[in-house]
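S.K.: Residue numbers (our numbering), protein chains in the order written: chain H, 18 to 475; chain V, 18 to 475.
Honestly, the hints are just simulated from the structure, not real lab data.
Fair warning: this is a prediction, and the values are worked out from it, not measured in the lab.
The C-beta atom is built at its ideal place from N, Cα and C for all residues, glycine as well.
Take the hints with a grain of salt, since some may be wrong.
To be verified - Where chain V lies over chain H, by a calculated footprint (3+ residues, C-beta under 8 Å):
hint, stretch
1, 67-78
2, 164-175
3, 248-255
4, 389-395
5, 429-442
Stated by the list, open to error - Pairs of lysine-lysine residues, derived as BS3-like cross-links and limited to a Cα-Cα distance of at most 27 Å, are as follows:
hint, chain 1, residue 1, chain 2, residue 2
6, V, 144, H, 110
7, H, 95, V, 395
8, H, 95, V, 110
9, V, 395, H, 145
Protein chains: 2
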Amino acid sequence: MTKIPHRLYLTEDQMPKQWYNLRADMKELPDPMLNPADFRPVKEEDLYPIFCKELAHQEMDNETRYVDIPEEIQDFYKMYRPSPLIRAYNLEKALDTPARIYYKFEGNNTSGSHKLNSAIAQAYYAKKQGLTSLTTETGAGQWGTALAEACSYYGIPLTVYMVKCSYEQKPFRKAVIQTFDGEIIPSPSTTTNAGRAILEKGPHTTGSLGCAISEAVEKAVTTEGCRYVLGSVLNQVLLHQSIIGLESKTAMELLDEYPDIVIGCAGGGSNLGGLIAPFMQDKLTGKASPRIVAVEPASCPSLTRGRYAYDFCDTGKVTPLARMYTLGCGFIPSANHAGGLRYHGMSPILSKLYHDGYMEAVAVEQTKVFEAAVFFAKQETILPAPESSHAIRAAIDEAVKCRETGEAKTILFGLTGTGYFDMNAYSSYLDGTMKDYIPTDEDLEKAFAELPKIPGIQ
Amino acid sequence: MTKIPHRLYLTEDQMPKQWYNLRADMKELPDPMLNPADFRPVKEEDLYPIFCKELAHQEMDNETRYVDIPEEIQDFYKMYRPSPLIRAYNLEKALDTPARIYYKFEGNNTSGSHKLNSAIAQAYYAKKQGLTSLTTETGAGQWGTALAEACSYYGIPLTVYMVKCSYEQKPFRKAVIQTFDGEIIPSPSTTTNAGRAILEKGPHTTGSLGCAISEAVEKAVTTEGCRYVLGSVLNQVLLHQSIIGLESKTAMELLDEYPDIVIGCAGGGSNLGGLIAPFMQDKLTGKASPRIVAVEPASCPSLTRGRYAYDFCDTGKVTPLARMYTLGCGFIPSANHAGGLRYHGMSPILSKLYHDGYMEAVAVEQTKVFEAAVFFAKQETILPAPESSHAIRAAIDEAVKCRETGEAKTILFGLTGTGYFDMNAYSSYLDGTMKDYIPTDEDLEKAFAELPKIPGIQ
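Model the full assembly from the supplied sequences, consistent with the hints where possible.
M.R.: Written out as structure tokens, the structure is:
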């Protein structure tokens, strides 16, 4: 048998030319989004004021199994993709495990994460529709960076509402976004009604993704030629991110491998949904039955401790209602360093799959996550993002179980990004000042009490 | 003809198994290093107190054309190499140039640069010799990060003397080095005689590479089982870095391409020497005659305005004397943001080749460099390091010349690293506060006056 290389890069010919839409193979679809005014299901046209048309279509399209990737987007992908599938030989050795560990590394681009995969698609469709500006929010800053790159490429002005605590913690992220001509506003801000309302309730709030979303949506719907784009949670984003899983599966086939366990970190679900897509397809269609594991922070445990309920996607309650695992749109997570995993909800697609038993979920504490991150960095020479390190933690735990049972399982995890802009977090882990935050049951009950009341539904 | 892919990665089988030693093909060798005490040529054994034995041997070996890369180092290389050879399609389009532009991108590893190529080699030989600790200096922090990664991999304690201005400007670099267990001391420090002497002369100095070298060397020679390692300038480093050029040449051969112009930034010369090695071999042996261009900052113009003379490699005057292009070991460059290009001298190999007419050199001002960096980032989605952006500047200038003359030249440049830790510099460019620094002739004359007097030689 040929030795499996450390890194496998597909050739351009082997790269996917279509995205895969998980919904086409789901036995039961996610419940429809509801209009918060009348609780009626949202129609595609209802989304046109918020999203550009093609993206609104992708959001609602539960039928089309494979969507052609426009050639312009394929060309952009070729600038930084394929991302490598890496065999973690050194990690395996250090763990003394019989498991074979693979990871798909999405961090080798300037946005530092997988977010560019959807950013370029959303900017492309906006340009095609002739839109003149876009708004978005960003937490850790990876999405904002990715979208700024994409908008700069297409010459579309972009306003980024950045969660205030990240804005302050990560000045260098700001600078990268500005390098790509993005305008950044710390959120909550006084530039929107939503922001002003939140500031009035709590002038010292450090912000949240939900709150930044409210501001970005408000700005989009009140500005001519402007639309809103989002880097996670949405069906369209999972569609674009399926390129991660499709590339991974092709690469594993070339190595004659198939994962027993697929692991991804889960904030809004974009990376996890993309990575698992073709493997979940196998599971849904009975071709294979890999375990699929979502890993979330114990400080923001939407899957493991949230409710499966209709909720707003934002804190300011301006978006449609989605049925998903949620901690309540008023839930403000503690200052965990994984800024990308601070969202109160979870992709409706993933929520439904989890609810129906196709996926597992675990919650991990951040000191354990950083322990895994540092260990991984020393073995594999890649400094991982705090978000990605949640997946590393779970992968290491599974590999250690294999050592104990002697099973040579094949583990695939998503390494979504690099931690270069998270060095404050690393420093706080290294100097021992990092804390773990776990919401109490009372905290959660209080947030659940705010879930919208929908006659006849919840 | 097959379309040339955006990114070409060699397979593991295609990766070089030997480094190439330029000296074996030079018509005239660089002048020997001299002992500063008696001005006699240094012998291999004289270097044993400073360098580990195998590296001292490599330093002095002018004969062996190809040096086997130990299998352990090849295995480590496979964790982050091969680096891609990228066709800059978008940059070409934006410049409307008939030139074909390629770049070899060395930034896709956690050290953020090509420095890891030599760091892992030096740590390996130190481990093999049973050394118990290492010291080094770092300017921008890329070398320190790379060596910390390598030392952590082999479990060798490392002390890094970091140029004080970088230590203060780049706290995140520190944190990365600490993540890999490196101890960091801002230089000049009170931990060495050299540091104390420099502080006495100027208590507010922001330091220099030359000064940090003095401290690291002193610490190494006064500590049992400890040796010093250096990330540039030395012959051994150029040997290890030849992997950049060897991979590039193989990749270009697969594309049926050969560069008319090879461009690299030049600080101490490690990247430039590595990138050009096999192309310079062709030039030395009459097989081809590519133009080879070194690009240096106008603030530290060792090749374009320095003297070809014997000088100390450090500010504290503890190292052997090397004949090289130098600004004088007392020259402290102004606070240019390309921390990796602040060295007073230049690799003796490159100095000799330049002196003998095999290479050209240009000096560029930093605002022009950052202008090129931002332009490049927007076209190619990679945020380049300030050092690397010197090469980008020159490549763009050459491509623009091609537009004017209509010549479809093939340009290859080295993109040594990423700029994630240089966002202060980007911010200062973007907000218009960045200045250009050009030493006056008087500044240089003053520094030249300090060149060592060597009876019968200079």
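S.K.: So, for every hint listed, does it hold in this structure?
M.R.: Do the hints match the structure? See the list:
1. Counting residues of the stretch 67-78 of chain H whose C-beta lies closer than 8 Å to any C-beta of chain V gives 0; at least three are required, and the coverage claim is violated.
2. Check on the stretch 164-175 of chain H: 3 of its residues sit with their Cβ under 8 Å from a Cβ of chain V, so the three-residue criterion for coverage holds.
3. Under a criterion of three residues with beta carbons nearer than 8 Å to beta carbons of chain V, the stated coverage of the stretch 248-255 of chain H fails, only 0 such residues being counted.
4. Figure legend: the stretch 389-395 of chain H, annotated as covered by chain V; annotation consistent (3 residues with Cβ-Cβ distances under 8 Å, at least 3 required).
5. Interface restraint, the stretch 429-442 of chain H with chain V: holds (5 residues with C-beta to C-beta distance below 8 Å; minimum three).
6. Taken as a hint, the residue 144(V) and residue 110(H) pair is honoured in the structure, with Cα atoms around 19 Å apart against an allowance of 27 Å.
7. Only pairs whose Cα atoms come within 27 Å are accepted, and residue 95(H) paired with residue 395(V) is accepted, the gap being roughly 15 Å.
8. Between residue 95(H) and residue 110(V) the alpha-carbon distance is near 15 Å, which keeps this suggested pair within the 27 Å criterion.
9. Among the hinted pairs, residue 395(V) with residue 145(H) is consistent with the structure: their alpha-carbon atoms are about 19 Å apart, no more than 27 Å.
Violated hints for the displayed structure, listed by number in ascending order: 1, 3.
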